[in-house]
Amino acid sequence: MLSLNHIHKKYGSHEVLNFNGWKIDPGIHWLKGGNGTGKSTLFRIISGQTPFQGEVELNGVNLKKEAIKFRSMISFAEAEPQYPLFITGQELIDFYIKTRKAAASQATFLADYFEMSAFLGQKVGGYSSGMLKKLSLICAFIGDPVLYILDEPLITIDVASAEKLYQLMREKATQGKSFLLSSHQEVSANKLKLDGVFNIIDKQVVEL
Amino acid sequence: MLKLLINTLAKAFYQQHAGFFLVGIYILFGVVEPSQLIGYQKALLLAGITSPVGLAVVFVAWLLYSLKVLFFVRQKLAEAQYSFVRETAALDVKSQFKLWLKLFLVMLLPIGVYVFLLIALSFKYHLLWSAISIVLVFSALCFALSWLTLRLVTFGFLKQERKQLSTGIKVKRPFFSWPIFYLLNEQPLMLLMCKGLSFIFFKGMLWMFADVGNDSRVVLVGMLASVLCHAVLIYSVLKFDISHLNFVKSMPVSLLKRVFNWLLIFAIVLIPEWVFAIAAAHTTVYAFLSVCLFGLASLLLMLSLLYLVKLDMDRYLKWLLFFFFIAMWAILAHYCLVFSVLLLVTCSLYYLRFFNKTDLKELAD
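As you go down the protein sequences, you meet chains X and G in turn.
Numbering (this note's numbering) for the first sequence: 1 to 208.
Numbering (this note's numbering) for the second sequence: 1 to 365.
Same shape as in the complex, but just chain X:
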């Protein structure tokens, strides 16, 4: 499904990632690793946010050669989402609906599901960090991508919301969707059936 070849990424003179190949099959995959090991950088590479050397392909679609098609197949939720403070949650969701050509009813369901409907008319600047994270998760689940890339999806959200997120991921996984997530917190097997656990050690992605 997702394959990365000859990946090389540097920030200035500091090399963050350097590996020849990494492949994952459909399923739920957890990327472990301490601070500064390159997890977020790897996610930013796969989601087309940062330039890199090498090739990234998802179901045969190359990120560099077919950027728009590739991006329509993925959905990325950042660890610390930043949105314009003056827009409302609903305006942001409307943008996602339009760009991802999704149905408005899907966003309404997700907003209700994460108990955010009452706050969508408010400006993002007034949101707490947990509300902001939930808004980013709602946006991430809008549309019909093949691969969801969730960077630290559990930070700042409450226990009940985390349970709901697990439930939603399980449902999507049964529909054939794949997940690539990073988390400092342990993902217990009774909450999510993991198909792969990886770690970044010495700039290489290693299966555990």
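Straight-line C-alpha distance at most 27 Å; calculated DSSO-like pairs for lysine-lysine:
hint	chain 1	residue 1	chain 2	residue 2
1	X	Lys65	G	Lys357
2	G	Lys310	G	Lys11
3	X	Lys65	G	Lys361
4	X	Lys69	G	Lys361
5	X	Lys23	X	Lys172
6	G	Lys357	X	Lys23
7	X	Lys123	G	Lys239
8	X	Lys203	G	Lys357
9	G	Lys357	X	Lys10
10	X	Lys123	G	Lys172
11	G	Lys361	X	Lys10
12	X	Lys177	G	Lys249
13	X	Lys64	G	Lys310
14	X	Lys98	G	Lys170
15	X	Lys10	G	Lys310
16	X	Lys69	X	Lys101
17	G	Lys257	X	Lys64
18	X	Lys193	X	Lys164
19	G	Lys170	X	Lys123
Simulated from the structure, these hints should not be mistaken for laboratory data.
Assemble chain G onto chain X, guided by the hints.
Positioned in the frame of chain X, the structure of chain G alone reads:
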């Protein structure tokens, strides 16, 4: 601490307002032949001190510049990376006041130079009241800026929440318009001052070349001065795009649409300048088209330059200086329309080619 404040706040101020200073330097030193420069400067200074109206104009200009400095400092102090400045609140009030006074003297240096020249001329021509009022106004500005900043840093936590004014009218803001609303909501003063300066420089150019008659090149020179006043505005909008709209990079939005969005934003930002141009010139369709395209192309060039220099203000300034001379030559040689079209195409191609190969967020972080 003073050295740190100068290296951060003052340096950032001069870097971010490079375009503004560039046009100012051109008006003060570049519009006359070198042999007439001293006479021109002396005439300007004398016009400022020999009449109450002249003095009023000088003081209003100083006040505007001081407001620009004050709001720049306030804006920076609100940013997380300047939180270290709050450590100054641990000093006693007298030391804090001295610290801010010294910093503002550095930031008001362009005015300070003229203060000395104006005082010297006032004494030479026995204009004692002018000299006294210059000293009083300049001192008042320095003290006011220092006191207001000291209050903000030390007693800012006592500030009452501003009441939100709401008209009850809900405006639907499409994605492309978010940078415009960013300027209106979060940078209103910068926008206002940019437009104010743009108007002053535009009118200044028309006034300077008033003897030329109905030559469309005069309007284009005015437009050149106006667009250079937008250098910091474009920098600020791009920084907003990098920090708050970066999530769009992982969404299926085509690069062509991005370029089109930028052009739409620039077209909206330049509406006042186009109104000035139409009002000022008994313009033909050709001249108006030239002004429109030149404005759009210039702002797109600034955006591309910021990508090229990776947000490095020093290099941005050098490129703007180069652009200023080339654009002036193109205008004077009647090549402005061709120049604008070429610039528009080249910058669009540059953006399409290099957008995905440049990650300004990693540099900004």
